[in-house]
Amino acid sequence: MPATTELPAAVGSAHDAPSARDIEDLVREHMPMVGHLVRELLNRVPGHVHADDLSSAGFAALLGAARSFEPSRGIPFHRFAAVRIRGALLDELRGQDWASRSVRARARRTTAARQELTAALGRTPTDAEVAEMLGIGLSELSSVDEDVQKAALLSLQGFPTGTAEEMVPELSEGPEDLLIKRERLGYLHQAVQALPERLRVVVVESFLQEQPLSEVAARLGVTESRISQLRTEALRLLREGLKHSLEPEQRTPHTGAGGSRRGQTQRRRSEYFARVAEQGNLRARLALTDSHGVPIALAA
Numbered sequence: 000m001p002a003t004t005e006l007p008a009a010v011g012s013a014h015d016a017p018s019a020r021d022i023e024d025l026v027r028e029h030m031p032m033v034g035h036l037v038r039e040l041l042n043r044v045p046g047h048v049h050a051d052d053l054s055s056a057g058f059a060a061l062l063g064a065a066r067s068f069e070p071s072r073g074i075p076f077h078r079f080a081a082v083r084i085r086g087a088l089l090d091e092l093r094g095q096d097w098a099s100r101s102v103r104a105r106a107r108r109t110t111a112a113r114q115e116l117t118a119a120l121g122r123t124p125t126d127a128e129v130a131e132m133l134g135i136g137l138s139e140l141s142s143v144d145e146d147v148q149k150a151a152l153l154s155l156q157g158f159p160t161g162t163a164e165e166m167v168p169e170l171s172e173g174p175e176d177l178l179i180k181r182e183r184l185g186y187l188h189q190a191v192q193a194l195p196e197r198l199r200v201v202v203v204e205s206f207l208q209e210q211p212l213s214e215v216a217a218r219l220g221v222t223e224s225r226i227s228q229l230r231t232e233a234l235r236l237l238r239e240g241l242k243h244s245l246e247p248e249q250r251t252p253h254t255g256a257g258g259s260r261r262g263q264t265q266r267r268r269s270e271y272f273a274r275v276a277e278q279g280n281l282r283a284r285l286a287l288t289d290s291h292g293v294p295i296a297l298a299a
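With numbering that gives the first Met the number 0 as the guide, the letters of the sequence shown map in order to residues 0 to 299.
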């Protein structure tokens, strides 16, 4: 993250607009931040999203932030600009009709089909059965799952799939909001570490290390379709683990006989929740991000 740059108090105030030189200096110094945010986002969206389009939107937002920056408001420029840039990137995604409509609609259809088949068959349906019910090929179903999974991880890691106006406020986050965000990111990191080994490997290699599914599948000795299923299972566990830790009032009571299939599944979930809780305290979670909420690995 670029070092914090501030304009003199008299510059950029309500009475004195920033000079062209001030704007140029701010933009030049913080250009790497645009690249960082674009790369961070590209790791979490389908491959058809183009870096050039996002970069153009990001640089335009950086320029706009430099022109409208008011030091008298007491907000560091890099935080002010980051909010504007993230909002511009989200708007660009919405303009490409990806996360907000297309993915959600396909996700609803796929989920409904899986639920209907599960109820009818009394077991988890195969991908072939789901694809047949939806009237699509296995490759298209895999593509749907891929986009849905990336949208889910995008949301988990701080790039919401709703509207920019709803999710990205005009002003930078306050201290309490930033603290909550940092704690959530810390929980997410710990939740990934607490996953069963195979699920953890799939999440780390396919999402965080961006390795092709074919390579992950070959390394684990399974098919790409199975990797997709494991990623879906891992993301579901991550969501449930975070909800269990951060929203205790929403916890559902344990039901079902211990020897039944449902009881065994609930027991494994409970064991996972316990592992997440054992990963560390608030101090340990906050230590995973810097004072601006940027993961340490990315801030270095």
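Keep in mind the hints are simulated off the structure, nothing from the lab.
Please note: incorrect hints may appear among the correct ones.
Claimed, not checked - With beta-carbon atoms standing in for the labels, derived distance ranges:
hint : residue 1 : residue 2 : range
1    : Arg108    : Arg282    : 39 to 49 angstroms
2    : Ala283    : Leu207    : 33 to 43 angstroms
3    : Gln192    : Glu223    : 46 to 56 angstroms
4    : Thr222    : Glu28     : 39 to 49 angstroms
5    : Ala104    : Asp52     : 14 to 24 angstroms
6    : Thr117    : Glu270    : 19 to 29 angstroms
Ideal placement from N, C-alpha and C gives every residue a C-beta, glycine not left out.
Could you work out which earlier hints the structure fails to respect and list their numbers in ascending sequence?
2 and 3
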